[in-house]
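2 protein chains.
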Amino acid sequence: MPFNASTLPTLLADLRAAVGEAHVLQGGDLSAYERDWRKRWHGRAFAVVRPGSTAEVAAVLRACAGHGVAVVPQGGNTGLVGGSVPDDTGTQVLLNLGRMNRVRAIDVANLTMTVEAGCVLQAAQEAAEAAGLLLPLSLAAEGSCTIGGNLSTNAGGTQVLRYGNARELCLGLEVVTPHGEVWEGLSGLRKDNTGYDLRHLYIGSEGTLGVITAAVMRLHPQPAASMTALAVCESVDQCVALLQLAQARAAASLTGFEVMSDFALSLVRKHFPQIPQPLPPSPWTVLLEISDAESADHARTIFEGLLEAALEAGVITDAAVASSVAQSRSMWHLRESISMAQAEEGLNIKHDIALPVSRIPTFVASTDAALEQAFPGARLVNFGHLGDGNLHYNVQVPVGGSAANFLAQHEHAVNALVYDAVQAHGGSISAEHGIGALKREELARRKSPVALSLMRAIKRALDPGLRMNPGRMLDPGDPTATVP
Amino acid sequence: MPFNASTLPTLLADLRAAVGEAHVLQGGDLSAYERDWRKRWHGRAFAVVRPGSTAEVAAVLRACAGHGVAVVPQGGNTGLVGGSVPDDTGTQVLLNLGRMNRVRAIDVANLTMTVEAGCVLQAAQEAAEAAGLLLPLSLAAEGSCTIGGNLSTNAGGTQVLRYGNARELCLGLEVVTPHGEVWEGLSGLRKDNTGYDLRHLYIGSEGTLGVITAAVMRLHPQPAASMTALAVCESVDQCVALLQLAQARAAASLTGFEVMSDFALSLVRKHFPQIPQPLPPSPWTVLLEISDAESADHARTIFEGLLEAALEAGVITDAAVASSVAQSRSMWHLRESISMAQAEEGLNIKHDIALPVSRIPTFVASTDAALEQAFPGARLVNFGHLGDGNLHYNVQVPVGGSAANFLAQHEHAVNALVYDAVQAHGGSISAEHGIGALKREELARRKSPVALSLMRAIKRALDPGLRMNPGRMLDPGDPTATVP
Numbered sequence: 044m045p046f047n048a049s050t051l052p053t054l055l056a057d058l059r060a061a062v063g064e065a066h067v068l069q070g071g072d073l074s075a076y077e078r079d080w081r082k083r084w085h086g087r088a089f090a091v092v093r094p095g096s097t098a099e100v101a102a103v104l105r106a107c108a109g110h111g112v113a114v115v116p117q118g119g120n121t122g123l124v125g126g127s128v129p130d131d132t133g134t135q136v137l138l139n140l141g142r143m144n145r146v147r148a149i150d151v152a153n154l155t156m157t158v159e160a161g162c163v164l165q166a167a168q169e170a171a172e173a174a175g176l177l178l179p180l181s182l183a184a185e186g187s188c189t190i191g192g193n194l195s196t197n198a199g200g201t202q203v204l205r206y207g208n209a210r211e212l213c214l215g216l217e218v219v220t221p222h223g224e225v226w227e228g229l230s231g232l233r234k235d236n237t238g239y240d241l242r243h244l245y246i247g248s249e250g251t252l253g254v255i256t257a258a259v260m261r262l263h264p265q266p267a268a269s270m271t272a273l274a275v276c277e278s279v280d281q282c283v284a285l286l287q288l289a290q291a292r293a294a295a296s297l298t299g300f301e302v303m304s305d306f307a308l309s310l311v312r313k314h315f316p317q318i319p320q321p322l323p324p325s326p327w328t329v330l331l332e333i334s335d336a337e338s339a340d341h342a343r344t345i346f347e348g349l350l351e352a353a354l355e356a357g358v359i360t361d362a363a364v365a366s367s368v369a370q371s372r373s374m375w376h377l378r379e380s381i382s383m384a385q386a387e388e389g390l391n392i393k394h395d396i397a398l399p400v401s402r403i404p405t406f407v408a409s410t411d412a413a414l415e416q417a418f419p420g421a422r423l424v425n426f427g428h429l430g431d432g433n434l435h436y437n438v439q440v441p442v443g444g445s446a447a448n449f450l451a452q453h454e455h456a457v458n459a460l461v462y463d464a465v466q467a468h469g470g471s472i473s474a475e476h477g478i479g480a481l482k483r484e485e486l487a488r489r490k491s492p493v494a495l496s497l498m499r500a501i502k503r504a505l506d507p508g509l510r511m512n513p514g515r516m517l518d519p520g521d522p523t524a525t526v527p
Numbered sequence: 044m045p046f047n048a049s050t051l052p053t054l055l056a057d058l059r060a061a062v063g064e065a066h067v068l069q070g071g072d073l074s075a076y077e078r079d080w081r082k083r084w085h086g087r088a089f090a091v092v093r094p095g096s097t098a099e100v101a102a103v104l105r106a107c108a109g110h111g112v113a114v115v116p117q118g119g120n121t122g123l124v125g126g127s128v129p130d131d132t133g134t135q136v137l138l139n140l141g142r143m144n145r146v147r148a149i150d151v152a153n154l155t156m157t158v159e160a161g162c163v164l165q166a167a168q169e170a171a172e173a174a175g176l177l178l179p180l181s182l183a184a185e186g187s188c189t190i191g192g193n194l195s196t197n198a199g200g201t202q203v204l205r206y207g208n209a210r211e212l213c214l215g216l217e218v219v220t221p222h223g224e225v226w227e228g229l230s231g232l233r234k235d236n237t238g239y240d241l242r243h244l245y246i247g248s249e250g251t252l253g254v255i256t257a258a259v260m261r262l263h264p265q266p267a268a269s270m271t272a273l274a275v276c277e278s279v280d281q282c283v284a285l286l287q288l289a290q291a292r293a294a295a296s297l298t299g300f301e302v303m304s305d306f307a308l309s310l311v312r313k314h315f316p317q318i319p320q321p322l323p324p325s326p327w328t329v330l331l332e333i334s335d336a337e338s339a340d341h342a343r344t345i346f347e348g349l350l351e352a353a354l355e356a357g358v359i360t361d362a363a364v365a366s367s368v369a370q371s372r373s374m375w376h377l378r379e380s381i382s383m384a385q386a387e388e389g390l391n392i393k394h395d396i397a398l399p400v401s402r403i404p405t406f407v408a409s410t411d412a413a414l415e416q417a418f419p420g421a422r423l424v425n426f427g428h429l430g431d432g433n434l435h436y437n438v439q440v441p442v443g444g445s446a447a448n449f450l451a452q453h454e455h456a457v458n459a460l461v462y463d464a465v466q467a468h469g470g471s472i473s474a475e476h477g478i479g480a481l482k483r484e485e486l487a488r489r490k491s492p493v494a495l496s497l498m499r500a501i502k503r504a505l506d507p508g509l510r511m512n513p514g515r516m517l518d519p520g521d522p523t524a525t526v527p
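Each protein sequence line maps, in turn, to chains A and B. So the first sequence is residues 44 to 527, counted in the working numbering. So the second sequence is residues 44 to 527, counted in the working numbering.
Simulated from the structure, these hints should not be mistaken for laboratory data. Be aware that a few hints might be false.
It does not matter which identical chain is used: a pair holds within one copy or between any two.
[Stated by the list, open to error] Here are the simulated SDA-like pairs of lysine to any residue, each with C-alpha atoms no more than 25 angstroms apart in a straight line:
| no. | residue 1 | residue 2 |
| --- | --- | --- |
| 1 | Lys-313 | Pro-324 |
| 2 | Lys-313 | Glu-64 |
| 3 | Lys-490 | Glu-227 |
| 4 | Lys-490 | Thr-157 |
Chain A with its partners taken away, still in its complex shape (with noise of 0.2 angstroms):
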């Protein structure tokens, strides 16, 4: 049925019907909704909806489907492209997952766990441990963003490099359709060739084809011992000579490559000056960490094999092994300073960019010269999780003159500058932060128009009223076309 504002009244009545009148929101504040984590993007929702089951979301998506009235799936709303909060025009209904966050079971033998939508990561993490396991999802918000925003955004973090995004993570799915039919898909099997391949076309598509309600997560042993170091590498080309050392020497080992250039680490000591720099400043930093299956001693052996190695191959030039758990959790803490460090030193344009490995020491030299050239005194904050190919290319504004006059002025020329560069060396514009609102225009600039085209085609069959989160990742184009 095509939206008409004139049913909105009955379909107050069906929502709370569906979930009952306490968990349909309207009116009062209600900006924790329909404003997003940045602040950018500030929506107003018909009205927002907080189910508790799985049947309770099929009831407001059969709602919804009957008034013609678009939805916006929302889990913990830390998403930093403004992909789950409502456009302003009142008419969309925000459907908060919140209230589904049990942990359904842990299949210990099986090294699973079914979660709903809107359990908090860090409470799915707990649960594991509480089990003896691991859940090796982690990120920055994992406080307050939820698994069903991990896989409609197929979440990253910093242990992607052992065991891959929180796609990889997940071997099942339940999935309400536009329609509100249910998707039982919580398979807990490491193996299934029954057919496409759903799970993986819901996990990143940013809740435009449905709206996850639960998952199935692989689970590892959590390793006896955890171990990190830093080392210092001359240029980016020793940073990517000691990665490969790494790999080869530690294997699957290795669950942490992160690399900070010097710019990067100078605003943490400017800013943050009682956090330990163990090492000497040097044009790259490397963060090393290694989880072990046996001991911290044997974690130890392979840190100082490597280590040692390096040095001898001239592919580091200094490094230091944290000698106890609080050391490792600082060096840890010196790299996740860097975001807060940028934000004290004022405006900076973000890009979450990824790379194959190989190119990286091209693209990083060739494209800090030309943005230099075109923006005398931008300074580069360049760091990330290089073992994914992974970087957070940030440029901030020249020091002197008005921040903000310089991002009115040539923020748009940057992001071109950068993404062109990325598009030539083969890279992705987002690597783990998804297009919501903010990279939609990007996407359908720089995406292949074949690749376009069958994505259109797919959210056209999957979501054919187009209510799905509209306005999100892709213009879904005429809806009557076909593939070319």
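Put chain B on the given structure of chain A with help from the hints.
Positioned in the frame of chain A, the structure of chain B alone reads:
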């Protein structure tokens, strides 16, 4: 354009123009292309077309689209479910990818290789090895199956426990659509959140949505040493307990965990007495493999610690660690001889099922008993990749009487009993072999109606002419239908 037999002569001219006259085969003995490996299906193609490049594949698909003709893509033609041969109408174009067999590139620093669909798996393995790296996809057909077929069917094999299925080893694809458009998705990225994951949709779709022409595969460092051990358990429960212990102690070093029932091994003793069986007969024998990044000594130390702990815990009753590469190979040879010994013993009914690992003991106990009651004398040949929850739960016909009669009378009922039990335990009727022609009707019966309707909507969206490998995997339903 709908199919019209009168245009077939011009189709032939179009195909010859697309790939050259020498690569369009018509007439003569084409059974290598038209008959499947198990010799259960023998079709007849309009022509066998062997393109040499992606552009030629696109030209072939445009020609077929122009004539409304169906296309059956084929790699090494080693599939077990009849998915890669034409039907017997003589109107389908058999598109064999064998000439597209190049390794296009190996990127050592990025740990990836770009390889064409027709490249034989073993050739790809060898190219990776020559670059000092490992392509960890390994299965019995590796000497003749191709990368394109491996990806179209999401092949499994013996190293899934550590490295995943073919799906998890693929980072990017090049695909030609049914209309002859080329999707250039040959990304070597480990993170890329820019829209729906088309890659995972084509992987495992058995040629029903388009033609995979090339792929970027993940490589891994080669382990310093691989070592194998055998251990014997009194029950399936103990096998599962041993798996848990091995995963906790060896973590990602554990690359193989195969179980073999005593009856399975007794067939090897009977038909291949020359193959050593180092441990005395026991209800269950487990083959474990460790691939170690450090050394053979370290692998041995892990094995000794693990097996000692398992003995102490009463999980195993005896064990033998291979003392040489030759002994390791001999243990694998024992495992791989089961299928052959089964064939020597006579006719049997094969099942390729997956279950949550935790459900396997109950499944085996109850299904063994139900089969014995329903089909007295039928003998269970149970073995497989327990680490992945994947059993080849085969049924050997009773001794005495006509085997062919038993099959004719009972095959359907045996399958129904086994698949009912699989479903009741949350399992899959096809773990690694796929659906093809063999299990298409079974899939339609057993997959949830919502999943089927989603799959059909995707099929109709991406192949609106329903011309890609028709009759395989999925009945696409009414072409004008939309999702419910």
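- Item | Homomeric proximity label, Lys-490 with Glu-227: Cα distance no greater than 25 angstroms | Classified as between; 10 angstroms across copies, 32 angstroms inside a copy.
- Task: Measure nothing new, just compare the shortest in-copy and cross-copy C-alpha distances for Lys-313 and Glu-64 to 25 angstroms and report within, between, both or neither.
- Result: Classified as neither: same-chain Cα gap 52 angstroms, cross-chain 71 angstroms, threshold 25 angstroms.
- Task: Evaluate Lys-313 and Pro-324 at a C-alpha cut-off of 25 angstroms and name the case that applies: within, between, both or neither.
- Result: Within. Shortest intra-copy distance 13 angstroms satisfies the 25 angstroms Cα cut-off; inter-copy 70 angstroms does not.
- Query: With identical chains treated as interchangeable, where does the CA-CA distance between Lys-490 and Thr-157 reach 25 angstroms or less: within a copy, between copies, both, or neither?
  - Reply: Only across copies: Lys-490 and Thr-157 sit 20 angstroms apart there, 34 angstroms inside one copy, limit 25 angstroms.
Going through the hint list in order, the structure does not satisfy hint 2, though it satisfies all others.
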